[in-house]
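Asks: These are the residues of each chain, in order.
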Amino acid sequence: MTDRQTQNAKQFIEAIPHAVALGMELTQIGDGNAEICMPYNPQLVGDPKTGVIHGGAVSALMDTCCGAAVMSHPDAGAGTATIDLRIDYMRPATPGQRIRTQAHCYHVTRSVAFVRATAHDEDGDNPVATATGAFTVEGR
Amino acid sequence: MVRKPPEAMQDVKMRRDAALSALVGGVPYIQFLGISFDRRGDELTALLPFDQKLIGNPFIPALHGGVTAAFLEVTAIIELSWSLLWEDFESGALSLEDLQAGALPRLPKTIDFSVDYMRSGLPRDAYARARVTRSGRRYASVQVEAWQDNHDRPFASGNAHFLMPRREES
Chain F
1 MTDRQTQNAK QFIEAIPHAV ALGMELTQIG DGNAEICMPY NPQLVGDPKT GVIHGGAVSA
61 LMDTCCGAAV MSHPDAGAGT ATIDLRIDYM RPATPGQRIR TQAHCYHVTR SVAFVRATAH
121 DEDGDNPVAT ATGAFTVEGR
Chain U
1 MVRKPPEAMQ DVKMRRDAAL SALVGGVPYI QFLGISFDRR GDELTALLPF DQKLIGNPFI
61 PALHGGVTAA FLEVTAIIEL SWSLLWEDFE SGALSLEDLQ AGALPRLPKT IDFSVDYMRS
121 GLPRDAYARA RVTRSGRRYA SVQVEAWQDN HDRPFASGNA HFLMPRREES
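The listed protein sequences derive, respectively, from chains F and U.
Sequential numbering of the first sequence, starting at 1, is according to my numbering.
Sequential numbering of the second sequence, starting at 1, is according to my numbering.
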């Protein structure tokens, strides 16, 4: 991907109203790979006793990152929609830390794109969650 | 045999509504998305009023897939917690005062969550209901479905597994 395309993709993702609401920042994109970060925000807490971010916010981050990875794949079109997404939660994200998601679109057919993603907090060795999903391929 | 007279209806309603609002009102993320719960007896329906910040694709426009997933997950967790809470406050083990003072049981933790997207979420209000299909001592399974204008045409469904909160020793 050229710098210009990367810049366009970044603007596109960061213009999504819900991505803005969650404070998402696209940090890397190209060739079916994407990385998006989300800062800690007390408004997104799911369990008030622990201050841990709600799984739903992690799902939204994973979904956006997987979609971005699909759109950056050379064999996929410019748009996509989620067919299904499965998320496994390995451990609660540490309160106060930002969450970084990396998605990889590892296979694309004429109509379906397959994606895997991992989410980490500041501990890079122990993932917070992983996801696998299938997305539509459009405009081919 | 002397039976206890039945509780006045308004007392029953007040206690149940207070339990529900204590459960839902304590979670910041539920407030962030603007989700509320409608109660009929023990049956809950989640309501997600449309808001511009829930949009994922500004061109169609459609609800963000992540919002849909989050809405389903919130509904599933509240339904499961509600079913656990119900026995405790109906039996009187947990009083209204306890609830208002914040003595809520710990929430279940999501182990995994799988979402099927049937059609795109339209820019309007959405509803969801969940059903606890298995509730064990350590694990629980919950099914959840969301719809908009037409209940017979759900736009997404989900299946979740939860780790149950540890019961306090009594």
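I should point out that these hints are in silico values taken from the structure, not numbers from a laboratory.
Please read all numbers here as calculations on a predicted model, not as lab measurements.
Check the hints yourself; a few may be wrong.
What the hints assert, rightly or not - A few chain U residues facing chain F, derived, Cβ under 7 Å:
1. Val24
2. Pro28
3. Phe50
4. Gly65
To be verified - Covered stretches of chain F (chain U as the covering partner; in silico rule of three or more C-beta atoms under 8 Å from a C-beta of chain U):
5. 57-65
6. 83-94
We put the beta carbon where it would ideally sit given N, CA and C, even for glycine.
Asks: Each hint: holds or not?
Replies: Each hint tested on the structure:
1. Val24: At 11 Å from the nearest chain F Cβ, Val24(U) fails the 7 Å test, so the hint is violated.
2. Pro28: For Pro28(U), the interface hint holds, since the closest Cβ of chain F sits about 4 Å away, which is under 7 Å.
3. Phe50: With a closest approach of 12 Å, the Phe50(U) hint is violated.
4. Gly65: holds, 4 Å
5. 57-65: Coverage by chain U holds for the stretch 57-65 of chain F (7 residues, Cβ < 8 Å).
6. 83-94: holds (count 8)
Of the numbered hints stated above, those contradicted by the structure are hints 1, 3, listed in ascending order.
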